[in-house]
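Peer 1: Each protein sequence line maps, in turn, to chains A and B. The first sequence maps to residues 0 to 598 in numbering that gives the first Met the number 0. The second sequence maps to residues 0 to 308 in numbering that gives the first Met the number 0.
Among the hints, a few may not be true.
Straight line, CA to CA, 27 Å or less: simulated DSS-like cross-link-like pairs of lysine-lysine [stated by the list, open to error]: (1) B:Lys-160 / A:Lys-221; (2) B:Lys-51 / A:Lys-567; (3) A:Lys-380 / B:Lys-51; (4) A:Lys-567 / B:Lys-160; (5) A:Lys-234 / B:Lys-12; (6) A:Lys-203 / A:Lys-567; (7) B:Lys-166 / A:Lys-567.
It should be emphasised that the hints constitute simulated quantities derived from the structure, not laboratory data.
Listed here are the chains, written in short residue letters.
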Amino acid sequence: MKKKVLSVLLSLSMVCAMLAGCGSSSQPGATDTPAADTQQTDNSAEAAAETETTGKYEKFITVDVFDQQANYQGIQSGWFGEIVKQKFNMELNIIAPNVAGGGDTLYQTRSAAGDLGDLIIMTCAGGKLQDLVTAGLVIDLTDYLPGHENLLKYQDALEYTSECMCKDAGIWAVPSEVSERSATTPLGGTQLNSGHYLRWDLYKELGYPEMNNWDDLLNIMKDMQELCPESDSGKKTYAFSLFADWDGDYMNAASYMAAYYGYGIIGYAMNKADNSEPSVSLLDDESTYMKGLEFFFKANQMGLLDPESTSQNYDTLASKYRDGAILYSTYPWLGQAAYNTQDHLDQGKGFEPASMSDNEFYDWGCYSKGNPNNAVMIGSKAEDPERLMDFIDWLYSPEGICLSTGQTSGSCGFEDLMWTMEDGRPVLTDFGLECYTTNDAQMPAEMGGGTFTDGISQLNYKTISDGEINPNTGFPYNFTLWDSYNEMNVPEVYADWQEKMGAKNPLEYFMDHDMVVVSPGSGYATPSEPTEISNMRAQVREIIKDYSWRAVFAADRAEYDQIVEEMKSIVNGLGYEEILAYDLQCAEEEKQARIAVTQ
Amino acid sequence: MQKNVPTGKRPSKEGYLMFLTVLPFLILSFIFSYFPLSGWIFAFFDYRAPLKLSQCEFVGFKWFVALFANKTQLSQLWQVMKNTFAMSSLGILTSVIPMFFAIFLNEIRNKRFKAVVQTLTTIPNFISWVLVYSVAFSLFAESGLFNSLLQQYGLITAPIKFLDSDKHTYLSMLLWSQWKNVGWGAIMYLAAVAGIDQELYDAAKVDGAGRFALMRHITLPALLPTYFVLLMLSVANFLNNGMDQYFVFQNAFNKNHIQVLDLYVYNIGISGNSISIATAISMLKSLVSISLLCVVNFLSKKTRGEAIF
Numbered sequence: 000m001k002k003k004v005l006s007v008l009l010s011l012s013m014v015c016a017m018l019a020g021c022g023s024s025s026q027p028g029a030t031d032t033p034a035a036d037t038q039q040t041d042n043s044a045e046a047a048a049e050t051e052t053t054g055k056y057e058k059f060i061t062v063d064v065f066d067q068q069a070n071y072q073g074i075q076s077g078w079f080g081e082i083v084k085q086k087f088n089m090e091l092n093i094i095a096p097n098v099a100g101g102g103d104t105l106y107q108t109r110s111a112a113g114d115l116g117d118l119i120i121m122t123c124a125g126g127k128l129q130d131l132v133t134a135g136l137v138i139d140l141t142d143y144l145p146g147h148e149n150l151l152k153y154q155d156a157l158e159y160t161s162e163c164m165c166k167d168a169g170i171w172a173v174p175s176e177v178s179e180r181s182a183t184t185p186l187g188g189t190q191l192n193s194g195h196y197l198r199w200d201l202y203k204e205l206g207y208p209e210m211n212n213w214d215d216l217l218n219i220m221k222d223m224q225e226l227c228p229e230s231d232s233g234k235k236t237y238a239f240s241l242f243a244d245w246d247g248d249y250m251n252a253a254s255y256m257a258a259y260y261g262y263g264i265i266g267y268a269m270n271k272a273d274n275s276e277p278s279v280s281l282l283d284d285e286s287t288y289m290k291g292l293e294f295f296f297k298a299n300q301m302g303l304l305d306p307e308s309t310s311q312n313y314d315t316l317a318s319k320y321r322d323g324a325i326l327y328s329t330y331p332w333l334g335q336a337a338y339n340t341q342d343h344l345d346q347g348k349g350f351e352p353a354s355m356s357d358n359e360f361y362d363w364g365c366y367s368k369g370n371p372n373n374a375v376m377i378g379s380k381a382e383d384p385e386r387l388m389d390f391i392d393w394l395y396s397p398e399g400i401c402l403s404t405g406q407t408s409g410s411c412g413f414e415d416l417m418w419t420m421e422d423g424r425p426v427l428t429d430f431g432l433e434c435y436t437t438n439d440a441q442m443p444a445e446m447g448g449g450t451f452t453d454g455i456s457q458l459n460y461k462t463i464s465d466g467e468i469n470p471n472t473g474f475p476y477n478f479t480l481w482d483s484y485n486e487m488n489v490p491e492v493y494a495d496w497q498e499k500m501g502a503k504n505p506l507e508y509f510m511d512h513d514m515v516v517v518s519p520g521s522g523y524a525t526p527s528e529p530t531e532i533s534n535m536r537a538q539v540r541e542i543i544k545d546y547s548w549r550a551v552f553a554a555d556r557a558e559y560d561q562i563v564e565e566m567k568s569i570v571n572g573l574g575y576e577e578i579l580a581y582d583l584q585c586a587e588e589e590k591q592a593r594i595a596v597t598q
Numbered sequence: 000m001q002k003n004v005p006t007g008k009r010p011s012k013e014g015y016l017m018f019l020t021v022l023p024f025l026i027l028s029f030i031f032s033y034f035p036l037s038g039w040i041f042a043f044f045d046y047r048a049p050l051k052l053s054q055c056e057f058v059g060f061k062w063f064v065a066l067f068a069n070k071t072q073l074s075q076l077w078q079v080m081k082n083t084f085a086m087s088s089l090g091i092l093t094s095v096i097p098m099f100f101a102i103f104l105n106e107i108r109n110k111r112f113k114a115v116v117q118t119l120t121t122i123p124n125f126i127s128w129v130l131v132y133s134v135a136f137s138l139f140a141e142s143g144l145f146n147s148l149l150q151q152y153g154l155i156t157a158p159i160k161f162l163d164s165d166k167h168t169y170l171s172m173l174l175w176s177q178w179k180n181v182g183w184g185a186i187m188y189l190a191a192v193a194g195i196d197q198e199l200y201d202a203a204k205v206d207g208a209g210r211f212a213l214m215r216h217i218t219l220p221a222l223l224p225t226y227f228v229l230l231m232l233s234v235a236n237f238l239n240n241g242m243d244q245y246f247v248f249q250n251a252f253n254k255n256h257i258q259v260l261d262l263y264v265y266n267i268g269i270s271g272n273s274i275s276i277a278t279a280i281s282m283l284k285s286l287v288s289i290s291l292l293c294v295v296n297f298l299s300k301k302t303r304g305e306a307i308f
């Protein structure tokens with residue numbers, strides 16, 4: 000009998016515990032909060048009450064940020080989170096489709112539910128802005144604009160974006176990468192967005208072999224892989240490693256090659272940056288996409304392609320770069336950013352771009368009208384739109400730009416702490432240098448503590464073009480463009496690269512050698528497409544992605560050819576031609592927009 | 000014959016009580032089984048995610064026609080149906096396994112060992128497919144346990160692609176689902192075994208039956224009715240072979256053979272931004288399900304004289 004009573008009591012307590020569990024999860028806000036970084040939230044709420052700088056904003060709020068570009072999901076932590084809290088008495092809860100996976104799924108479900116987020120950072124293209132406005136998911140910013148001087152500076156761009164992307168009158172979005180320079184000026188910085196970034200130390204050991212085509216690259220990478228068979232942690236190295244997170248309408252990795260020949264991709268149409276060539280189909284035998292597929296197929300045949308490419312995500316790949324397990328990177332912000340740490344540089348190792356003679360890199364011109372392919376909007380369910388507008392305005396202020404764009408471009412960070420003015424020019428402090436060259440610079444406790452790298456803005460949002468000038472200093476925001484930075488003791492690898500290539504930085508080299516083709520920053524974005532096209536595209540894209548991956552990992556040439564043939568015949572049956580015709584029409588519109596903006 | 004239920008105009012108090020008792024379940028089944036059908040309306044509109052239905056154009060049967068528009072479209076659907084039927088058939092073919100598992104488990108004399116086996120085989124049922132996949136991934140990925148071991152002992156040089164391959168997709172999916180479900184499936188049979196009259200066994204033993212004869216002539220026949228009921232239910236669910244398992248295991252390499260109907264609907268509709276067409280497909284699925292149910296019901300009426308309706 001005793002046993003029975005005991006067991007009844009036990010099960011009762013279990014039921015209570017379960018119910019209690021249900022209860023707490025239904026508290027407002029908790030449902031949407033991803034698991035990451037919750038420890039930060041608890042104390043931040045309490046701390047916020049004590050902060051004195053937040054007088055204007057009495058109530059502490061958590062802002063849901065739907066951010067298409069973010070590679071991080073959860074509450075923004077570290078020093079950036081701290082400064083947002085101090086200034087606006089709020090925290091950012093980043094909702095990232097990139098992390099959630101499944102392509103458009105998160106956008107679909109959240110937008111259908113009627114609340115995308117308080118702050119929305121996503122593309123306006125493809126009729127998205129019009130849809131959001133029609134569905135009443137974003138608010139008109141016109142009334143909030145007065146008094147926000149940093150945004151008013153770009154009022155033209157704001158008005159232009161809303162006018163082009165949306166039939167309803169009003170200002171609905173703040174475009175990214177706004178610029179005060181002309182549309183044909185390259186975006187700037189010191190790097191292009193793509194290039195043959197390889198382990199320069201190994202390349203040097205191989206005697207800087209000349210590279211005229213992609214087969215040369217394969218052979219060089221093969222030698223390099225043999226030269227350096229193991230990573231820092233003893234893992235097997237691979238020349239190339241891919242990931243599938245960013246696959247949209249096609250296999251993203253294979254489409255890299257377009258950028259090496261000055262092509263941009265609109266749907267399934269490939270458009271030359273300067274309108275000098277007719278647009279081509281993505282699946283054309285001669286297209287750079289098909290060449291890209293073949294290249295990675297060959298790489299795999301030669302044992303140069305990481306077999307984990309099929310299943311890993313961006314984070315795993317980045318950690319492999321940090322470990323030195325991958326020897327080649329298409330993007331500077333992947334290979335260099337992860338591997339060129341002070342430790343590696345001290346050992347004379349690092350990623351630097353080699354040159355392939357037949358390349359002609361795609362580079363973006365400045366977006367004098369802003370880039371509508373990524374823009375900030377305020378959600379209609381936002382609790383305090385005024386405060387969010389202040390926040391956006393701050394993001395576009397010199398201070399905000401210095402602090403918030405640190406993830407992919409070299410913005411300079413906190414004044415005085417990380418850089419100071421010396422003799423009328425900005426100079427990185429020792430601490431600033433530490434922040435940018437190592438992964439473990441500790442931020443002061445009053446700034447939220449933690450490492451600099453962990454605390455950077457996870458919004459991954461570029462407010463301005465890369466080479467813009469800070470009106471307060473008269474110098475670029477990007478410290479890598481400062482003479483003072485370039486005069487500092489240059490690491491051995493960089494010095495060697497500069498000596499070998501005879502240029503200060505990659506952009507200069509490729510510009511000097513006429514290997515860059517600039518796409519005028521027209522601010523063009525594709526319009527809303529008819530549902531028939533979207534439906535066909537939904538099926539076609541699955542086929543193209545799946546078959547592309549299978550082609551790259553095909554066992555032999557015959558299988559590769561067969562897969563490619565099959566892919567083409569299936570997509571043609573599913574309406575590829577019709578989609579292409581539509582995309583070519585958009586490509587033509589883009590050409591016209593470019594002509595218009597350069598005149 | 001006298002009817003049990005009074006047929007007067009005013010139902011009795013007991014009738015009310017009965018109705019109230021069943022009401023919560025009626026409401027539940029309405030909410031979960033009938034209310035969602037209102038979503039079918041999406042199949043007749045040109046729907047795009049953030050817009051409201053009233054802001055979308057009415058297109059009639061356009062999406063249904065589009066499904067059968069051309070040969071490639073049909074062959075895509077055909078492949079999906081083939082996968083669905085193949086996996087469901089394999090599931091039905093192997094539905095005897097839990098029964099035999101239960102019979103053999105029942106023969107184990109050591110109570111403790113029996114309990115351990117039963118617990119260990121039942122637990123996988125409570126592990127979600129996402130976790131099952133992460134286990135599968137750690138074991139079978141290119142840098143997983145098996146590949147690492149094999150490489151360490153020099154048995155292979157390049158990792159074997161267990162997951163990224165289209166070889167034996169049906170079979171491997173079947174094995175995973177068996178691993179997850181056998182123990183759980185056996186519970187029903189174990190209960191049935193417990194209900195068999197012990198006297199039958201005693202009588203058979205007196206007649207000199209051995210252990211296998213007991214199983215063959217008493218346990219097995221006693222379990223068959225249960226088996227057939229479960230079989231009927233699984234036939235009705237022929238097209239609903241679930242998507243979570245296939246969703247987590249799908250990749251570019253095995254999609255040709257792993258994409259069952261539910262997964263296809265998900266891939267096209269939710270990931271692919273075509274909710275309308277996906278709704279149309281799932282409506283067709285319901286039609287097929289209902290026809291299957293009618294066929295099974297008809298067969299049952301003919302052969303066993305019993306039917307659901």
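Peer 1: Each hint: holds or not?
Peer 2: Taking the hints in turn, this is what the structure says about them:
no., hint, in the structure
1, B:Lys-160 / A:Lys-221, "holds (22 Å)"
2, B:Lys-51 / A:Lys-567, "violated (36 Å)"
3, A:Lys-380 / B:Lys-51, "holds (16 Å)"
4, A:Lys-567 / B:Lys-160, "holds (26 Å)"
5, A:Lys-234 / B:Lys-12, "violated (78 Å)"
6, A:Lys-203 / A:Lys-567, "violated (42 Å)"
7, B:Lys-166 / A:Lys-567, "holds (23 Å)"
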